[in-house]
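Produce the complete structure using the sequences and hints provided.
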Amino acid sequence: MEHASARPHPDAALLNPIENPGRTYYYIVVGLLVIILYTGFVYFRQLWYGLGVTGMAQPVTWGFYIINFVFFIGISHAGTLISAILRLSKAEWRRPITRMAEVITAIVLAIGGLHPIIDLGRPDRISHLFFNGRLQSPLLWDVASITAYFTASTIYLYIPLIPDIAILRDRGVKPRWLYEFLSWGWQGTERQHKVLDRAMNILMVMVIPIAVSVHTIISYIFAMTVQPGWHSTIFGPYFVVGAIFSGIAAILVLMIVFRKVFHLEGYLKHIHFNYLSILLLIMSLIWFYFTFSEYLTGFYGHEPNEMRVFWYKFAGDFAPYFWAMIVCNFALPVAILCNSKTRTIPGILIASISVIIGMWMERLIIVVPSLANPRLPYPTGIYIPSHTEWMLFLGGISVFILGYMIFARFFPVISIWEIEEGRHESAKIVAERITSYMPDPEPSATGE
Amino acid sequence: MKWGMVIDLQKCTGCGECAAACKLENNVAIVEPRESEMGRTMLWMDMLTIYEGEYPRLRVRQIPRPCMHCDHPPCTKVCPVRATYMNEEGIVAQIYPQCIGCRYCMAACPYTVKSFNWYKPSFPPGMDRATNPDVSVRPVGVVEKCTFCIHRLQMAKEQAKFEARDLREGDFQPACADSCPTGAIVFGDLENRDHQVNHLAHSPRAEKLLEDLGTEPKVIYLKEVD
Amino acid sequence: MNISRRAFLQMLGATGALAGGASRIWAIPDEWREILRSGPRLETWKMSACGQCPAGCGIRVRLVDDIPVRILGNPIAPVNKGFVCPMGEAGLELLYHPDRIGQPMRRKGKKGEPGWEPVSWDDARKTISQALKGFKKGKQPGALGFLMGDRNTLLTEFAGEFVSRLGSSHFFPWRSPRINELGFWQGAGEFPPFAFDLTRTDFLLTFGTNLLEEPLSPVYFNRIYGGLKEKRARTGLKMVHVDARMSQAGRNATEWVQIRPGSMGVLALGMAYVILRDQTYDRNFVSRHTMDFREMVDRDYHPDRVSEVTGVPAQTILRLAREFSSAKAPLALSGGNLSSSETELFSQWAVASLNALSGSFSAKGLWREPVPVPWGTPSVSAFSPRSAAFSRKPENALGSDMPAAWVAERLPDLAAAGKIPDLEMLLIAQVDPVFLAANQKAWRDWLARIPLVVQCATMIDDTSPYADLVLPMTTYLEQWDLTLPTPDLPFSQLGLQQPVVSPVGGARSLGDILLHLGREAGVDLHPGSGGTPYGEYVEARMKQIFASGKGTPFFEAVSLEFLEDLRRRGWQVYSYPAFQDFWRLLREKGGWWDPGEYPAVDWNRRTFLFPTDSRMASLLKESMIPRSEEGGEKSAKTPNLWLEDGIRRPDGPDSFLLVPFTSLMNMTGDGASLPLLQEMFGLYPRLYWNTWAEMNPQRAARLQLKDGDLIRVISGKGVMTLPVRVVPTVSPEILSVPFGQGHTESGRHAKTIGANPIVMLDHRADPLSGRNSWQSTLVRVEKINR
Amino acid sequence: MNKKTIEALQVLSISLIWVLFTGIAVWIVSLLRESLRLHDAPDASVGISIIAIPVFFTLASILTYVFIGLRKGRKEESEP
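Chains as they are written, first to last, in the numbering used here: chain A, 63 to 510; chain B, 238 to 463; chain C, 628 to 1413; chain D, -1 to 78.
Careful, some of the hints might be misleading.
Calculated Cβ distances over 10 Å to all of chain C for the following chain B residues [stated by the list, open to error]: (1) Lys248; (2) Gly253; (3) Val268; (4) His309; (5) Met323; (6) Asn324; (7) Tyr356; (8) Ala393; (9) Lys394; (10) Leu404; (11) Arg405; (12) Asp415; (13) Gly420; (14) Pro441; (15) Asp449.
Okay, derived cross-link-like pairs now, DMTMM-like style, lysine to aspartate or glutamate, Cα gap no bigger than 25 Å in a straight line [stated by the list, open to error]: (16) D/Lys70 x A/Asp232; (17) C/Lys865 x B/Glu428; (18) C/Lys708 x B/Asp408; (19) C/Lys1410 x B/Glu461; (20) B/Lys394 x B/Asp449; (21) C/Lys1410 x A/Asp379; (22) C/Lys858 x B/Glu461.
No lab work stands behind these hints: they were computed from the structure. Note that the Cβ used here is the ideal one computed from N, Cα and C, for glycine as well.
Below is the structure:
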């Protein structure tokens, strides 16, 4: 069939972007490609001359690349983890959200995973990692855990995608062969549904610990050293919380964007934003609690080196960033989200964006100050990121947007079949579940 | 066999000759002004200055600072490719062809002794000729640091082998110890009772930098009593 | 280029011999690289003597396939015992410097404009010898001048001989001031000053004298200081450093006493006052060997007054005086670059008299009397080998018996004052006056006025733009010479400088240049044929030593006493029946020395004069030097008056006293052209390749200055922009700036790096010694907001 | 593109995934042996490998399970 969308589909709104993308779509893609190409050139320059083109030096030997690494991986935690939790807790309102979330994970993880390689002085020797790597180094724990997480979350994204692919295949969307290939002969039979559900159930249980492990291990990169400001037991959970925190913010932003662009008001209702933003609020509080206890212990112990870093953050060169972080991550979101009047879509958008910025600053504040204040009496280090580093940051973001756009071009960003399933069954299932919560009727009543 | 160094701050006048000798002996690149302003100067042997008290009780301590060659090195643990490791003689060595330049060891070193080749190491035109032929020049993008002049150990061993005898004290001296006019830097085998360092290491004045970290440095300072 | 170099590196890597870096050097013959690449890597060592500073340390150069790769100390050289200082280490950078000139250069434009055209040696020689012939004919006697940087080598004496043979007396050696020289010159009529034996003192009091960072013999003194520091933990030896800045000498002392620059003499006399009042002075010495003691006693230097002038608390003065006089072998030193102020001669004299009073001179073996090197008087008597660069001849520049070297820096003023005739021709060698002199402008003008200025230099330096002809000179690694005994050390040695490599490019050794020029002008300084006639001259001089039978070539470490004993019993440590054996030994061992220490000073032939008002007044009259600039009328005042305003104080919160200081990394200022030293220059403040200003925390706080801020330093002479280092090691009144940077030429590594504090100095001088003052310039400081 | 090739490709992709994961497993084991040889913190290494290897294999097997399951679950008439 040449003509797609012969018969009107109940969820045409979801298929629309795939079946006839507008012209602006291509303009944006081209724009992004330009940025990415330039970024590529900048990186090539770094390869050619060496890391000297960055702003790093002794003693601040880690800069934007590591910061962004931690930041992106953090964002990636949104997706799979959230959707897994929602699925597990059978939250019915999850249906339009899960996939968007999972896609974030897959793409951002790929980008974040590249950053350590960008950061290498000798990327040409990356193979040493495989032939003479050493498992005692936290960096290798990362390699292992990130690979695991990446594969897991892609699978976790792919499997619930199969039925939707089948829909597209049946509607004869081009390129046929792609959908044919990916749909794995899905026909929506009883048996197939059973298989799918079982696989999903195993996956969601598996994914959660993996996700948690990933960011814990990233925090270990710092926590395993003896450097003041890094060597802290709280770092594992602290990073995980931060990750989920920034992740939720990212989802919210994306949801709002798609809602606007693809006119999904019918699917992404205010209730979804409301629930998620309350989740964001909770995370913000938890994050603040962790930050508080992290610094309080440091301050109260008053170990000189710790204090040097502490004051550097609170009153020194990094004070502006530090307090900005507190505002972006705590004061502003809480202020907005506490109040149901301000908890509107624009309000939520502002809060989420400020959280994303704030979380990036948090990574900055974790990485640089500890390096800039060595234990021995050296002068405090200076770090001014160079044009190269800024470009690579920007490039990373554009790659993310492009990736997302390409995905949205070929696959529905909201799971169609889950929506349908919801339409038909969820009401019934939920009703049953609720009655199951309810106390049984009095036996005496029936006795009469 | 555990090589170690004792630096007697009571003798040291802080003349900085050790630093100069080290740079030339090990072909440590000379970093041009613009770079060194960013803090990329490479000194395997550095000079720390500590101001104690206020005038008229002001005392200034000058402490030569090589790599501490810790017995429990925080740097070797974190290296993902074993580009830095502690050899069986206690020297924390760098394998330049192995290093991937992740700079994790630099971040992990509490003494900040490591330096990184941000660009291709450059020598003043002319001096490239006069670089020490016994020491390899590092490529761009790898971490480097004091090696206790391990190349001299190799040569000393060969010499000893050639003369069919064991290493004697003084056969193997790093450039800094060799060049110290006041003899403040003593080098030798910490485990060998006949070696001077063994005695000095147990002197009541002996102290180590950041001892409480438990890194067990093999560079021991004899503190200034007057 | 990169690729080829990488290939080259891998190649070397394979053979185990690695060398790297940029490959654009012309100074090095390319075949050397070939040799290094494919050579058998034979290692050889050559002994020589270092020429970076006047200390003359013995060096041993490591050559791989006859290419020098490293300079180390000569382990049997008595001065440095196998050690060198960073400047010595960096010697090869000078040898291989990419900006060394390969052939004579003639200036293209007007004087003062850089821009050069290479000319052949013959042309250059013609130009010069024509001029010289003129002098030989005795047309204008004394119209030939020779300004020579004195590296304390035989060459200085030789050059002086060259000049006087040509009938001129205008030989101006330029050298850094020595310890005590002014004080002993005035107090005991001694030049060179007595040597001293630091190891024998039990109270070392240094008035601004920084033995560790001045080009006297830093390696030797660092070694000795190390020994003293170790000893003092046991013996309670005290080392007190009096200065406005806590230099290395201060950091290694037991106590640092902050003092107002220029007021050291007052402190010394203040201590003398206490000693006299306590009656703890050395009666015996004073009664037998001194004059004017009475006047001395009458003079009032009450601690309160002194403390008011110097800024040192009265209690400290009392304590120091009492500790000093009660010590068994007290030793007070003054002088050197860093302490040059408007009251320098007075200060040194006062310190010398402090030694006289406190019994320092009677302490056994503390002060030694230099013994001349046992070669007979040279063919020309004007220049004694012990003190090259010293003349008592009536036609001496000053018309008094002031050592010419004391005023070399102020030639332009002398010329302006008509003390020396207008020169037809000026030779300049081994010195860069336009960089070093405080009165730069005067120098520029004077040099511009002289018709023919010929400079012998290894590379184009700050002075070259004012020279008409620049002759490429060899470095100390390519030439023959003898380093003379280091002043102030208690024993004598001669270091043999011999060519380690054949001259690079078209460079020639100064000695040979002079010999050739002399011959062409009809003066034969040394009958000799061959390529390096000066080398033969050196050999001839050593023949005299051989004939004297004194001393020995350097010898493996044995105690001085033992060697002395051997020598006295007529033994020779080596056996060298013929001169040839002696010469061979010299070349193997790197030099000659006399193991016997100098004898103690014999005061029976001497009297010490105390610095009394009347004496200073008369001295002032005698040595009054009219000056082109403001100093003229000042020198007419009576001692007390000029003493008072010779000591300056800052006025106002942003006003400081500018005090330049030298660092070990670049003692002479030449170090700036060597990259290693440029980097090491900032080892302590961690400001590499740069000049900085050191400021006391209190003052910094008042000016809201943080460590690392940029400041603008403004003086009458100019403006500098510097990063500030806020350190407690400088007194609140001063702003301390390292000397050695701020070259306008001198090669790619020195050019446009840092700033030169000397430029900023007001042109003030000590009216008594006529030496420019480094410590009497008030500057204003402004913060620069970035 | 006809059904045959597509099915072939699908089988191929699944097997590739197996290859990949086995590769990772082999890599981890080799690192483990390395660390045992140098005896640097083998315990940590063992721990990691114990967790990591099964994870990868479970993931692979889930995929295969779904793949086969879906093929089995197809309606009869879809068979050619």
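**Request:** Sort out whether B/Glu428 lies within 25 Å of C/Lys865, counting only the CA atoms.
**Result:** Since the Cα atoms of C/Lys865 and B/Glu428 sit roughly 37 Å apart, the hinted pair is violated (cutoff 25 Å).
**Message:** At 10 Å, judged by beta carbons, does B/Asn324 keep clear of chain C as stated?
**Reply:** 20 Å, holds
**Prompt:** Beyond 10 Å from every Cβ of chain C: is that where the Cβ of B/Ala393 lies?
**Reply:** It holds; B/Ala393 is separated from chain C by about 15 Å at its closest Cβ, greater than 10 Å.
**Asked** Within 25 Å, alpha carbon to alpha carbon, are B/Lys394 and B/Asp449?
**Response** 35 Å, violated
**Message:** Minimum C-beta separation from B/Lys394 to chain C exceeding 10 Å: can you confirm that?
**Reply:** 15 Å, holds
**Asked** Are C/Lys858 and B/Glu461 close enough, with their CA atoms no more than 25 Å apart?
**Response** Within the cut-off at roughly 12 Å; holds.
**Asked** Is B/Lys248 truly not at the interface, in the sense that its beta carbon sits beyond 10 Å from all beta carbons of chain C?
**Response** Violated, because the least Cβ-Cβ distance between B/Lys248 and chain C comes to about 4 Å, which does not exceed 10 Å.
**Prompt:** Beyond 10 Å from chain C, beta-carbon-wise, is B/Asp449?
**Reply:** 26 Å, holds
**Request:** Just double-check B/Arg405 for me: nearest Cβ-Cβ distance to chain C has to come out over 10 Å.
**Result:** 17 Å, holds
**Request:** Compute the least Cβ-Cβ separation between B/Gly253 and chain C, then decide whether it is above 10 Å.
**Result:** Given a closest Cβ separation of 5 Å, the condition is violated.
**Request:** Quickly compare the C-alpha distance for C/Lys708 and B/Asp408 to 25 Å and report which way the hint goes.
**Result:** 18 Å, holds
**Prompt:** Are C/Lys1410 and A/Asp379 close enough, with their CA atoms no more than 25 Å apart?
**Reply:** 20 Å, holds
Hint check: violations occur at hints 1, 2, 3, 12, 13, 17, 19, 20; the rest are consistent with the structure.
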